[in-house]
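Asker: Chains as they are written, first to last, in the working numbering: chain A, 10 to 235; chain B, 10 to 235.
Treat the hints as calculated values from the structure; they're not laboratory data. Warning: the hint list may mix true and false statements.
Since the list can't tell identical chains apart, any single copy or any two copies may satisfy a pair.
With a Cα cut of at most 25 Å, we get these calculated SDA-like pairs of lysine to any residue [stated by the list, open to error]:
| id | residue 1 | residue 2 |
| --- | --- | --- |
| 1 | K142 | F17 |
| 2 | K195 | V234 |
| 3 | K31 | E147 |
| 4 | K211 | Q67 |
Number of protein chains: 2
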Amino acid sequence: MINFEAFFKLSYGLYVVAAGDKSSGNAYIANTAFQVTAEPPQIAICCNKDNYTSGFIQKSKQFSISILEENASSDTIGKFGFKSGKDTNKFEGSNVIYGETGCPIVLDDSIAYLECELVSTHDVGTHTIFIGKIKNAELLNADKEPITYANYRRIRKGLAPKNAPTYVDKSKITQPSTKTDFAKYKCNVCGYVYDESESGVKFGDLPADWHCPVCGADKEEFSLVQ
Amino acid sequence: MINFEAFFKLSYGLYVVAAGDKSSGNAYIANTAFQVTAEPPQIAICCNKDNYTSGFIQKSKQFSISILEENASSDTIGKFGFKSGKDTNKFEGSNVIYGETGCPIVLDDSIAYLECELVSTHDVGTHTIFIGKIKNAELLNADKEPITYANYRRIRKGLAPKNAPTYVDKSKITQPSTKTDFAKYKCNVCGYVYDESESGVKFGDLPADWHCPVCGADKEEFSLVQ
Chain A
10 MINFEAFFKL SYGLYVVAAG DKSSGNAYIA NTAFQVTAEP PQIAICCNKD NYTSGFIQKS
70 KQFSISILEE NASSDTIGKF GFKSGKDTNK FEGSNVIYGE TGCPIVLDDS IAYLECELVS
130 THDVGTHTIF IGKIKNAELL NADKEPITYA NYRRIRKGLA PKNAPTYVDK SKITQPSTKT
190 DFAKYKCNVC GYVYDESESG VKFGDLPADW HCPVCGADKE EFSLVQ
Chain B
10 MINFEAFFKL SYGLYVVAAG DKSSGNAYIA NTAFQVTAEP PQIAICCNKD NYTSGFIQKS
70 KQFSISILEE NASSDTIGKF GFKSGKDTNK FEGSNVIYGE TGCPIVLDDS IAYLECELVS
130 THDVGTHTIF IGKIKNAELL NADKEPITYA NYRRIRKGLA PKNAPTYVDK SKITQPSTKT
190 DFAKYKCNVC GYVYDESESG VKFGDLPADW HCPVCGADKE EFSLVQ
């Protein structure tokens, strides 16, 4: 038997993975980035095959990983995590530099970044594991702590985007039975769902300046889930 | 240029990975375990090829991952992380059960565990990435938080064992120049090095009941590094 809540005890960080070159590129939010060897320094990332950035990684043979700080803004997470680069140019209005390899690197809310050359590609079903050799690594802020995925989920009530390897269909989690007069409201911008039964606070009772904890959208951007 | 200190901003947990069956098996401490797909639920681990457990994973085609709690003891970390199963039976004196697949599962200081069937093996140089399909997942303690690798490093001054993918040769880290009258003392049990220049406290000035933060050995177990 699989208790999906056990999965939430696994620890992750939160990163912006970017790929492409000066002419075109994209970036997404990942929670899976992990060093796989020390000699040479290599890192692995796990990316949904439908992810728009995935194509740029395979084409440009390089990618960058920006490590988000503890207090990373909802703007940054919402922009890179909950919107698709197919519909919007995510680099517009962002602090993006191009590294030694020519790869785009997102500096918004980042405390360090790694620039990698694609070494190998491993098919694991819905996702691909990309192994990159680290060509360049910069520490931007030694004093700030990285945001952890647990922190992001707990404090910001963040949800995993549907493409994330850690996405869990909420219907699969064993929940104590809840009163049926609680409703759910969905953010039209990023898809975040405010569930009254989780907080015990009716959506209508939230302050007028309350905003989406994921993408920062106003309360007016929410619709009742039927 | 690679600043190795940037690597320390990556986030990980701390796990005991076990493999084998009732007749023989072994376990080691890993900081790399991460879900790679949701449908089906699959998890990846990264294991040094020299690691004694690696052979058991390949032979038994299964492995388990126990998620260590925030206050995991130095005993558990020292036993599974800094000793080789070639020299000692790590399961002796430990709370080990055998799961649905017959795979050993270490329960010492664990808050959840996952039992996996080996699906594929990916060579990444000194290490192997094993992909496992999750067959069984149990939450043992919902209220306790998992230990993070950052916490382990910071609070316990833990070092990565030499076989870990995140091992960093300390000589590669840019350090401010330190006074040369500081010395280093090495734990004869687990290899942990107490560096006076890091704490600013002479080894001789540490209290008599001070013990190795990694494996719990007494002060007498330390030798001056020449």
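Asker: Which earlier hints turn out false for this structure, listed by number in ascending order?
Answerer: The structure conflicts with hint 4 only, although it agrees with all the remaining ones.
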